[in-house]
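J.: Required output: the full structure, derived from the provided sequences and hints.
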Amino acid sequence: MTDVLLIDRTEAVVTLTLNRPEAMNSFTVDLKEALRDTLAQLESDRSCRAIVLAGAGGAFCGGQDLKEHAALLEAGSTDLNTVQVHYNPIAQRLANMPKPVVAAVRGMAAGAGASLALLADFRIGGPSTRFLMAFANVGLAGDSGISWSLPRIVGHAKAVELLLLAQPVKSEEAARIGMLTRLEQDDEQVLPVAQELAARLAAGPTVAYGAIKRELSIGDAGTLSDALAAEAQAQSICGGTEDHRNAVSSFLNKQKPVYNGR
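Note that the sequence shown covers residues 6 to 267 in this note's numbering.
Hints are not guaranteed to be accurate.
[Stated by the list, open to error] Simulated pairs of lysine-lysine, BS3-like, Cα-Cα distance not exceeding 27 Å:
1) LYS218 / LYS261
2) LYS175 / LYS72
3) LYS261 / LYS175
4) LYS163 / LYS175
[As the list claims (entries may be wrong)] Estimated spans, in silico, between C-beta atoms of each pair:
5) THR15 / GLN238: 29 to 37 Å
6) VAL143 / GLU16: 38 to 46 Å
7) GLY183 / GLN89: 36 to 44 Å
8) LEU71 / ASN251: 46 to 54 Å
9) GLY183 / ARG205: 15 to 23 Å
10) GLY160 / SER241: 39 to 47 Å
Everything labelled a hint here was simulated from the structure, so no lab data went into it. It should be emphasised that the depicted structure is a prediction, and the values quoted were computed from it without experimental measurement. A virtual CB, placed ideally from N, CA and C, is assigned to each residue, including glycine.
T.: Written out as structure tokens, the structure reads:
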């Protein structure tokens, strides 16, 4: 694994830090591949029960590295296969991760950086946080799941405005319309608060969290019958877990449950 992606493990929490601060942590092929492959590994890693996604320095992520992209265009490449090869798999892994994902959004989150932040289950920001749906500014449509996540968070009309006008959304507005889960008053607290939240989630019923996420993804877009079927399947799985049995026993004995993620 290259050092463009830093990986820190603190008990059951894994913090992934995009590490190209000199370029606003923008995505090169190396960084995209590192993030894609690491998320694939963490998906099945039972020792990891929550993930924090962060950026080094003063920005979260500036999206695609346009210098690298311009070089490809000059070489005659107009096939944006990086969407299929890199961004789509990363988006799928984040959205479908069977454990909680918390984004520590300090500074700018632009383009694919904004898209991926919005696929996290929780987003923590500070005064410097900005979201920019920058795609139209360079003559491109949205990618990395933005057409799926943004309308679900802010509504269809607001999503059209943010994508077509491509103007920055400041931290206070982002919190007001749901793009941020929590707004801290100090940028220095963004990562610690995100990691604290992740640690709290990592101590919870991991299987149930994953099932709830799957239920919501189906319930958001499906029929009532789809949702009921998904809920029945989820409860069948969760009802057989050690965590469920321990939680019920703890409740009856007036004790605080301890969850082991299985």
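J.: Could you run down the list of hints and mark each one as holding or not?
T.: Evaluated hints:
1. LYS218 / LYS261: Satisfied, since the Cα-Cα distance of roughly 24 Å is no more than 27 Å.
2. LYS175 / LYS72: Cα-Cα ~26 Å, so holds.
3. LYS261 / LYS175: Violated, at about 40 Å.
4. LYS163 / LYS175: 15 Å, holds
5. THR15 / GLN238: 29 to 37 Å: Once the Cβ atoms are compared, 33 Å apart, the range 29 to 37 Å for GLN238 and THR15 holds.
6. VAL143 / GLU16: 38 to 46 Å: This hint holds: roughly 41 Å between Cβ atoms.
7. GLY183 / GLN89: 36 to 44 Å: 29 Å, violated
8. LEU71 / ASN251: 46 to 54 Å: 51 Å, holds
9. GLY183 / ARG205: 15 to 23 Å: 21 Å, holds
10. GLY160 / SER241: 39 to 47 Å: Given a distance of about 34 Å, which is not inside 39 to 47 Å, the answer is violated.
In this structure, the earlier hints numbered 3, 7 and 10 are contradicted, and the remaining ones agree with it.
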